[in-house]
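Could you slot chain B onto chain A? The hints should help.
Number of protein chains: 2
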Amino acid sequence: MTAKFVIGIDLGGTNLKISLLNRNYKIISKRILSTRNYSARSQLISAIADSVGIVLADNKLNLRQVCAVGIGLPGPVDAQAGLVHFFPNIPGWKNVNLKKILEKKIRIPVRLDNDANLMSLAEYRLGAAKGADNAMCLTLGTGVGAGIIIQNKLYRGSSFAAGELGHLPVNIFGPKCNCGGIACLEAYIGNNRIMQKVEKEFGRKIALEELSRMANHGNKKAQKIWDDVGLYLGRALVAVVNLLNLEKIVIGGGIAEAGELIFKKVRKVVSEQAMPVQAKRVKILRAKLGSDAGMIGAAIFAREGSSV
Amino acid sequence: MTAKFVIGIDLGGTNLKISLLNRNYKIISKRILSTRNYSARSQLISAIADSVGIVLADNKLNLRQVCAVGIGLPGPVDAQAGLVHFFPNIPGWKNVNLKKILEKKIRIPVRLDNDANLMSLAEYRLGAAKGADNAMCLTLGTGVGAGIIIQNKLYRGSSFAAGELGHLPVNIFGPKCNCGGIACLEAYIGNNRIMQKVEKEFGRKIALEELSRMANHGNKKAQKIWDDVGLYLGRALVAVVNLLNLEKIVIGGGIAEAGELIFKKVRKVVSEQAMPVQAKRVKILRAKLGSDAGMIGAAIFAREGSSV
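Protein sequence lines, in the order shown, are assigned to chains A and B. Quick note: the first sequence uses our numbering, first residue 1, plus one each step. Quick note: the second sequence uses our numbering, first residue 1, plus one each step.
Be aware that one or more of the hints could be misleading.
Said to hold, decoys possible - Here are some, though not all, of the chain A residues that point toward chain B, as calculated from beta-carbon distances under 7 angstroms:
| # | residue |
| --- | --- |
| 1 | A161 |
| 2 | I172 |
| 3 | I182 |
| 4 | E247 |
| 5 | Q278 |
| 6 | I284 |
As the list claims (entries may be wrong) - Among chain A residues calculated to face chain B with C-beta under 8 angstroms, some are:
| # | residue |
| --- | --- |
| 7 | P91 |
| 8 | G131 |
| 9 | D133 |
| 10 | N134 |
| 11 | P169 |
| 12 | P175 |
| 13 | C179 |
| 14 | G180 |
| 15 | L246 |
| 16 | Q273 |
To be verified - Derived BS3-like pairs (lysine-lysine); straight-line CA-CA distance at most 25 angstroms:
| # | chain 1 | residue 1 | chain 2 | residue 2 |
| --- | --- | --- | --- | --- |
| 17 | A | K176 | B | K280 |
| 18 | B | K100 | A | K265 |
| 19 | A | K153 | B | K268 |
| 20 | A | K264 | B | K280 |
| 21 | B | K104 | B | K60 |
| 22 | A | K176 | B | K268 |
| 23 | B | K264 | A | K176 |
| 24 | A | K268 | B | K176 |
| 25 | A | K176 | B | K60 |
| 26 | A | K153 | A | K176 |
Think of the hints as simulated: they come from the structure by calculation, not from any bench. For every residue, glycine included, the Cβ atom is placed at its ideal position computed from N, Cα and C.
Just chain A, same shape as in the assembly:
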C-alpha cells in the first residue's frame, strides 16, 4: 500500500501555511498560522511539527497514509542535504539541517527547497508554465525571486542558488544593493523601492493596490510608475530570453496584480528588444496557482524527489 497523501508547507516571513494534498496535488485541507507568533527557531520548528500532527488528526489519517512532507523556505536551501543556509527576513537560521530535525520529530520523510523554486515547479506542472520544456517563473514582491525549468527539470544551479533574477544588474552604474551588487533589478522594482518612489512622487504613502487603481483610472503619475516597473522588468527579461531562449515566462506575486499595466509593457519591451527568434518563441503569462503555488510545489517535490 503506497501512501495516498502528501503534505505541502510554505514558510514565509508572514505566514506559515500547511496543506494536505491528494495524489493529484489537489489541496484537501489547509491551515495558516502567523510566522511572527514563533520568534525563536525552536518554536517555529515545533509549530511546523505540531501542525503536521494537527492536519493528520483533522483528516483522521495516520503517519503511514502520508508519503512525505515538502517545505518551501524563504531563503537559500541545499535541497539535497535539506540544509537551510539562512533566511534574509527571519533571524536565527544559519546552517540548520531542518530536514534532519523535522524527520526526527514527525517520522515522515521531509524535503526542503527554496520557495521560488517550488512555486516554479508547481506552475510548471499544474499552472501557467505547463507544457514548456524551458521556462522561468517569477514572483514579484519585496524581493524578485525566480525558478528556472530547463529541459523539463527544475534547475537549481551548482550550489542551489540559481534563479536570482532580482539580482540581475540592469545598469552599469546605479544604486548599491544589499546583496553586494550594483543596479540590481530588485533595487528598481522591489515593493519597497516602488513605495519610496510613490511617496516621493505623490508626497504621501499609497498602497500598491491603490496605485494600480489610480493608474487604471488614468492617473498619469501612477501610470508612469507602473510603466517604469514594466520597462526595468522587461529589460531583465530581454537578457533572460536572449540567453536562455525560453518558451514561457510566468509572472506572479504582489506587483503582478497591477495586471495589464505591467504585462502590456513587459511584453512590448521583450517583443521589440529581444532577438527576433527568441522573442517570437517566448510567451509571457500570468501565474495561475496564486498563493497556493508554494504548497503545491512543496508537495510535488516531497512526493517525486530528485526526479523533478
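Leaving out everything else, chain B in the frame of chain A:
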C-alpha cells in the same frame, strides 16, 4: 566494425577548417581554406564536400572508416533538423538544409550546430570547462558568442537560439544594436566597438594586439580601454552567475588574448558584485583548445549526437 574516425569542420566568415580526428578527438590532419574564395553558396558547399574527399584520400581512408561529419557554423542553426537559418556575415544562406544537401553529396551522416555551441562542447569535454556540471564558454571577437552547459549537456534553448550573451543588455539606456536591442554587451565590447574607441582616444587606428602591448607597458589610456572591457563583461557575467549559479566560465577568442588585463578585472567585478554563494562557486578560466575548439566540438557532436 565501427568506424574509427570522424571529421570536424569549422566554417567561419574568414576560414573553412576541416580536420580528421580519431576516437579520442585528437586531430590527425587539418586543412584550412579561405571562405572568401567561394562567394556563391553552391561553391562553398562543393568546397566542403570536396575537402572531405581530399582529407579521406590524404589519409588513405574510405567512407566506411569515418562515422560522421560535424560542422560548426557562424549563425543560428536548427541542430536537430540540420537547417541553417542564416549567417550574419555570409550572404545567401537563408533556411538551407545543409545536412540533407551534404549527406547526398558525401554519403556520410552529417550534423550541424552553431559554432559557439560546439566550441563550448569541446571546452567542456576536453578543455577548461571539463568536470563542471554547469558552465558557460564564451568567445570574444567581432561578436560575443557563448554556449551553455547545463546538467552536463549542451543547452540549446527552445528554438536553438540560447547563449546570446552578446545581446545581454547592460544598461537601460544606451546604443541601439543591430539585433533590435538596446545597450547590448556586444555594442560595448565587440572588436569593432573597441577599435572605434581606440581611434577616438588615440586619433589613429591601433591593432588590438598592439593595444594589449601598450597597456602591458603602462600606457594609461590603453589600460583604461581594457579595464572598461573587463567592467562591461564582468557585469554581464554577474547577471549570468546570479541567474545560473555556474561552476565554470571559460573565455576564449581574440580579445581574450589581452589576457590578465581582462581576466583580472572580470574576476574582480564578479567576486565583488555577484552574490556571495554564486561568486564563491564560479571559476573564470581561459579557454584551452584555442582555434581548434570548433572542429573538436563538431567532431564530438557528429560522433555522439543528441546525447551530448
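Results of checking the hints against the structure:
no.: 1; hint: A161; result: holds, 4 angstroms
no.: 2; hint: I172; result: holds, 6 angstroms
no.: 3; hint: I182; result: holds, 6 angstroms
no.: 4; hint: E247; result: holds, 4 angstroms
no.: 5; hint: Q278; result: holds, 5 angstroms
no.: 6; hint: I284; result: violated, 14 angstroms
no.: 7; hint: P91; result: violated, 18 angstroms
no.: 8; hint: G131; result: violated, 11 angstroms
no.: 9; hint: D133; result: holds, 6 angstroms
no.: 10; hint: N134; result: holds, 5 angstroms
no.: 11; hint: P169; result: holds, 5 angstroms
no.: 12; hint: P175; result: violated, 13 angstroms
no.: 13; hint: C179; result: holds, 5 angstroms
no.: 14; hint: G180; result: holds, 6 angstroms
no.: 15; hint: L246; result: holds, 6 angstroms
no.: 16; hint: Q273; result: holds, 5 angstroms
no.: 17; hint: A:K176 to B:K280; result: holds, 20 angstroms
no.: 18; hint: B:K100 to A:K265; result: violated, 42 angstroms
no.: 19; hint: A:K153 to B:K268; result: violated, 33 angstroms
no.: 20; hint: A:K264 to B:K280; result: violated, 38 angstroms
no.: 21; hint: B:K104 to B:K60; result: holds, 22 angstroms
no.: 22; hint: A:K176 to B:K268; result: holds, 16 angstroms
no.: 23; hint: B:K264 to A:K176; result: holds, 22 angstroms
no.: 24; hint: A:K268 to B:K176; result: holds, 16 angstroms
no.: 25; hint: A:K176 to B:K60; result: violated, 64 angstroms
no.: 26; hint: A:K153 to A:K176; result: violated, 33 angstroms
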